[in-house]
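Trainee: Sequence:
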Amino acid sequence: MSLTKTPPIKSKKIRESAKGKDCQVRIPGVCNFNPETTVLAHVGRGSGVAQKCDDIHSAYACSDCHDVIDGRVREGNADEIIIYAYEGMVRTQKLLLEQELMQVAK
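Each step along the sequence shown adds one to the number in the working numbering, with nothing skipped, and position 89 is 1486.
Certain hints may be false.
[Unchecked claim] Calculated cross-link-like contacts (lysine to aspartate or glutamate; reagent style EDC-like; alpha-carbon spacing at most 20 Å):
(1) Lys1491 with Glu1413
(2) Lys1418 with Asp1461
(3) Lys1407 with Asp1452
(4) Lys1416 with Asp1464
(5) Lys1407 with Asp1451
(6) Lys1416 with Glu1497
(7) Lys1416 with Asp1467
(8) Lys1449 with Glu1413
(9) Lys1416 with Asp1461
(10) Lys1418 with Asp1452
(11) Lys1416 with Asp1452
(12) Lys1416 with Glu1495
Just so you know, the hints here were simulated from the structure itself, not pulled from any lab data.
With these hints in hand, go ahead and build the complete structure from the sequences.
Mentor: Right under this line is the structure:
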């Protein structure tokens, strides 16, 4: 078993695809529903301190939902926030497949 760390998968096209999209995280009482603020928010954890996960483990998130996911703003139950973030990631992955920015082997 190799202990060599592989760099995270990054995609400029996936990151740029978030621009103007609806927030897919939609935390109740937090989401601003403003597509002008949407960015690709990393949901998973990287393999080290301050290391981001792969871009495919991300969600389209408005600025307010992104702040909560990243812990800049404390809101609600932490376990529930994780669920909203991961549900947003699933919805985002579906959109990435539809945009042909991700592919599943057939």
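Trainee: Is the hinted pair lysine 1418 and aspartate 1461 satisfied, with a Cα-Cα distance of at most 20 Å?
Mentor: holds, 14 Å
Trainee: Sort out whether aspartate 1452 lies within 20 Å of lysine 1418, counting only the CA atoms.
Mentor: holds, 16 Å
Trainee: Holds or violated: are the alpha carbons of lysine 1449 and glutamate 1413 at most 20 Å from each other?
Mentor: Roughly 17 Å between the alpha carbons, so the hint for lysine 1449 and glutamate 1413 holds.
Trainee: Does the structure keep lysine 1491 and glutamate 1413 at a Cα separation of 20 Å or less?
Mentor: Within the cut-off at roughly 16 Å; holds.
Trainee: Given the hint that lysine 1416 pairs with aspartate 1464, test it: the Cα-Cα distance must not exceed 20 Å.
Mentor: Holds, at about 17 Å.
Trainee: Check the hint pairing lysine 1416 with aspartate 1452 against an upper bound of 20 Å on the C-alpha distance.
Mentor: Distance of about 15 Å is within 20 Å: holds.
Trainee: Take the C-alpha atoms of lysine 1407 and aspartate 1451, compute the straight-line distance between them, and say whether it is at most 20 Å.
Mentor: With Cα atoms ~6 Å apart, lysine 1407 and aspartate 1451 stay inside 20 Å; holds.
Trainee: Does aspartate 1461 sit within 20 Å of lysine 1416, going by the straight-line distance between their CA atoms?
Mentor: At roughly 15 Å apart (the allowed maximum being 20 Å), aspartate 1461 and lysine 1416 satisfy the hint.
Trainee: Taken at face value, is the distance from the CA of aspartate 1452 to the CA of lysine 1407 at most 20 Å?
Mentor: holds, 5 Å
Trainee: Checking one constraint from the list: CA of lysine 1416 to CA of aspartate 1467, max 20 Å. Satisfied?
Mentor: holds, 19 Å
Trainee: Take the C-alpha atoms of lysine 1416 and glutamate 1495, compute the straight-line distance between them, and say whether it is at most 20 Å.
Mentor: holds, 16 Å
Trainee: Please work out if lysine 1416 and glutamate 1497 have their alpha carbons no farther apart than 20 Å.
Mentor: holds, 16 Å
Consistency note: the structure conflicts with none of the earlier hints.
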